[in-house]
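2 protein chains.
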Amino acid sequence: MSTTTIPVRTPSAAYDVHIGTGLLATVGAQVDALLNGALTSGKQRVFVVTSPEIDRLWGTQLDASFPTPPIRLIIPAGEQHKRFSTLERITEELAQHGADRDSVLIAFGGGVIGDLTGFLAAIYMRGIRYVGVPTTLLAQVDSSLGGKTGANLAAGKNLIGAFHHPIAVFSDTATLATLPPAELRAGLQEAIKSGIIHDRALFDFMETNADAILSGDQAALTHVVAASVRVKAEVVSADEKESGLRMILNLGHTLGHAIEATTNYRQLLHGEAIAWGMIAAIAIAARRGTVTPAEAASMDAVIRAYGPLRPFTADAAELVALTAKDKKNRSGTRSFVLPVGIGSAVVVRNVTEAELLEAATAIVAEASAMLQVPA
Amino acid sequence: MSTTTIPVRTPSAAYDVHIGTGLLATVGAQVDALLNGALTSGKQRVFVVTSPEIDRLWGTQLDASFPTPPIRLIIPAGEQHKRFSTLERITEELAQHGADRDSVLIAFGGGVIGDLTGFLAAIYMRGIRYVGVPTTLLAQVDSSLGGKTGANLAAGKNLIGAFHHPIAVFSDTATLATLPPAELRAGLQEAIKSGIIHDRALFDFMETNADAILSGDQAALTHVVAASVRVKAEVVSADEKESGLRMILNLGHTLGHAIEATTNYRQLLHGEAIAWGMIAAIAIAARRGTVTPAEAASMDAVIRAYGPLRPFTADAAELVALTAKDKKNRSGTRSFVLPVGIGSAVVVRNVTEAELLEAATAIVAEASAMLQVPA
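Sequences listed follow chains P and Z, in order.
Under my numbering, read the first sequence as residues -19 to 355, first letter to last.
Under my numbering, read the second sequence as residues -19 to 355, first letter to last.
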């Protein structure tokens, strides 16, 4: 088994992200080693937070890697469970099981499990440790690292949360084999994003090897995950609290989040919404000249190659209005990420409503036209 | 108006605590100055989190200090509201009012308001700023500084929370005039604690000036609050995350928390429970010889002078069992704070169940005997 290890070093945390095929079977022993044998000696305890489905598919393998099988805390799958009520239930369960400040949580699942478990670890007894074991591509390439944790309000997604880094992340690409194909494709959009904003070689690799990657080739997937993690690790290490550089990770997210909000987070996967958002951002960049028409066409084509893009209906003006509510806005100023060539990006604050509306109108037109299936 | 300013400097925060009579009338202008005039210019917004009672008594005065009256978010008084449900309601209200990452919360009230508001600020959009304006003695001398924020679970008090420091604290001792006498006395127990663990001069001042302090003399109260804040600021600055020294702040809290838990947090005020806990801790210290019999008698007498101690009934063995669940315990080892003479304290991990049981039995006997009112 070959494993790639990528260090994340921020002012407040230092941890390693391990990526490889078959890593799951080693997680328990590696966590025990991180805790200086405290699991074997019984001095400290781990609690696995996971979904029923991941537990069924991969739980036995994870359990077997520990000296004794850890206690499980189950959260049903789905964004609708990423709420205060779940935080309350799980923290009460942790307390009932006697979890203390030395206990460690394992976030075993996709983005919802990862975000919630990180947030649970951030607030339980004012902060305990957690380990990420992401099982979806989106979680492996994006949400499992960087320390952003959180939950949703009725008023919006991820409006509550904390910065709290894991002590280690283990990304087993073998778990991607049980991922629904649409989720794999959606997750790959975030990898494309990583290439566009910070890693031309990753973008080129994904352009050239789309077939292998989309068919689940383990070597190709491991390469994509590792390169994406390296991009995020570099950006997050340079700007932990999102004061500047880190915002480039939000390419496609301004309109992407608006699309998710207007479709009630139900019609599109996160990566599918981000794909539309990137297409719009690329169009604005092309119009402004931060990318050439050829570069824009190339990026646009790769995003579509990892599609198909998912249709939706929305009102373009409403999408633009929703971007005014973006959590990244400060003191009323709207932030927007534009690609600069392929492999670089910039955060600007002067994108106008007119530019946004033009780009939003184009994607809404295309997305809704897809719903008019020809007879 | 004379104001004492005490700096708190920790690895993660630097802020000033201002203590004085009549400070309330200056809060708005001072917060505006801290934000470089962003309130006057309308670039940033403040939200006041408070209770109906404090709002009625002091809200007008606070409002008048701001360029425009801030929006109010009301939390009913009482520990029973320090829960997830309140966090959810207030975060939703913040979102509906358009609070963003530059918005600032004002914690205007006692300990419950302070703990909740700090926690709200810690988790709203992964962290916004807040200012403490504590209006109870307990909050002024203790809970408003140090960065400990949180809420309760059914399973126990303060089991969720975060370390999140205010950007400033304004303690107006004039607000103590509307405090119920029992709350003033209970808060003074935490000041006595500060003297015992770290400031012999404060202890002596409280021993000598009990009458002036208990009658609400502003100069005497300001001296006590400032000295107590200085103790906490020094301890917290030296040990932000409670890995060692900071634990001495918990003198009397091990059994005090157990008493609160066994009486369902309803019969005794926090400071009243801590008073009993300190009496027990002093007895253990006297038996171990870390304090002389004369020192123990002196400390015991001062605690009682700021009483009367509030009666309660409990099972001593159950109190001891509850201390095993203390949040400060790590990997199953019980921590306990013992005074060393007057003005110093130490954290030990070898206090036995027998020692605890003996001390608990003594206070339970005294506390329950007080309920047998003579005919």
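What the hints contain is simulated information worked out from the structure, not anything from laboratory work.
Note that the structure is predicted; figures quoted are calculated from it, not measured.
Careful: at least some of the hints might be erroneous.
Said to hold, decoys possible - Computed cross-link-like contacts, DSS-like style, restricted to lysine-lysine with a CA-CA straight-line distance of at most 30 Å:
{"id": "1", "chain 1": "P", "residue 1": "Lys305", "chain 2": "Z", "residue 2": "Lys23"}
{"id": "2", "chain 1": "P", "residue 1": "Lys305", "chain 2": "Z", "residue 2": "Lys137"}
{"id": "3", "chain 1": "P", "residue 1": "Lys23", "chain 2": "Z", "residue 2": "Lys137"}
{"id": "4", "chain 1": "Z", "residue 1": "Lys23", "chain 2": "P", "residue 2": "Lys23"}
{"id": "5", "chain 1": "Z", "residue 1": "Lys305", "chain 2": "P", "residue 2": "Lys137"}
To be verified - Over the 12 Å line for every Cβ pair with chain P, so calculated as not near, a few chain Z residues:
{"id": "6", "residue": "Gly2"}
{"id": "7", "residue": "Leu3"}
{"id": "8", "residue": "Pro49"}
{"id": "9", "residue": "Leu74"}
{"id": "10", "residue": "Asp80"}
{"id": "11", "residue": "Asn138"}
{"id": "12", "residue": "Ala213"}
{"id": "13", "residue": "Arg246"}
{"id": "14", "residue": "Arg268"}
{"id": "15", "residue": "Arg284"}
{"id": "16", "residue": "Gly321"}
{"id": "17", "residue": "Thr332"}
Using N, Cα and C, we set each Cβ at its ideal position, and we do this for glycine too.
Results for each hint:
no. : hint                   : result
1   : P/Lys305 with Z/Lys23  : 16 Å, holds
2   : P/Lys305 with Z/Lys137 : 35 Å, violated
3   : P/Lys23 with Z/Lys137  : 24 Å, holds
4   : Z/Lys23 with P/Lys23   : 51 Å, violated
5   : Z/Lys305 with P/Lys137 : 35 Å, violated
6   : Gly2                   : 32 Å, holds
7   : Leu3                   : 28 Å, holds
8   : Pro49                  : 20 Å, holds
9   : Leu74                  : 8 Å, violated
10  : Asp80                  : 6 Å, violated
11  : Asn138                 : 8 Å, violated
12  : Ala213                 : 19 Å, holds
13  : Arg246                 : 20 Å, holds
14  : Arg268                 : 26 Å, holds
15  : Arg284                 : 33 Å, holds
16  : Gly321                 : 30 Å, holds
17  : Thr332                 : 20 Å, holds
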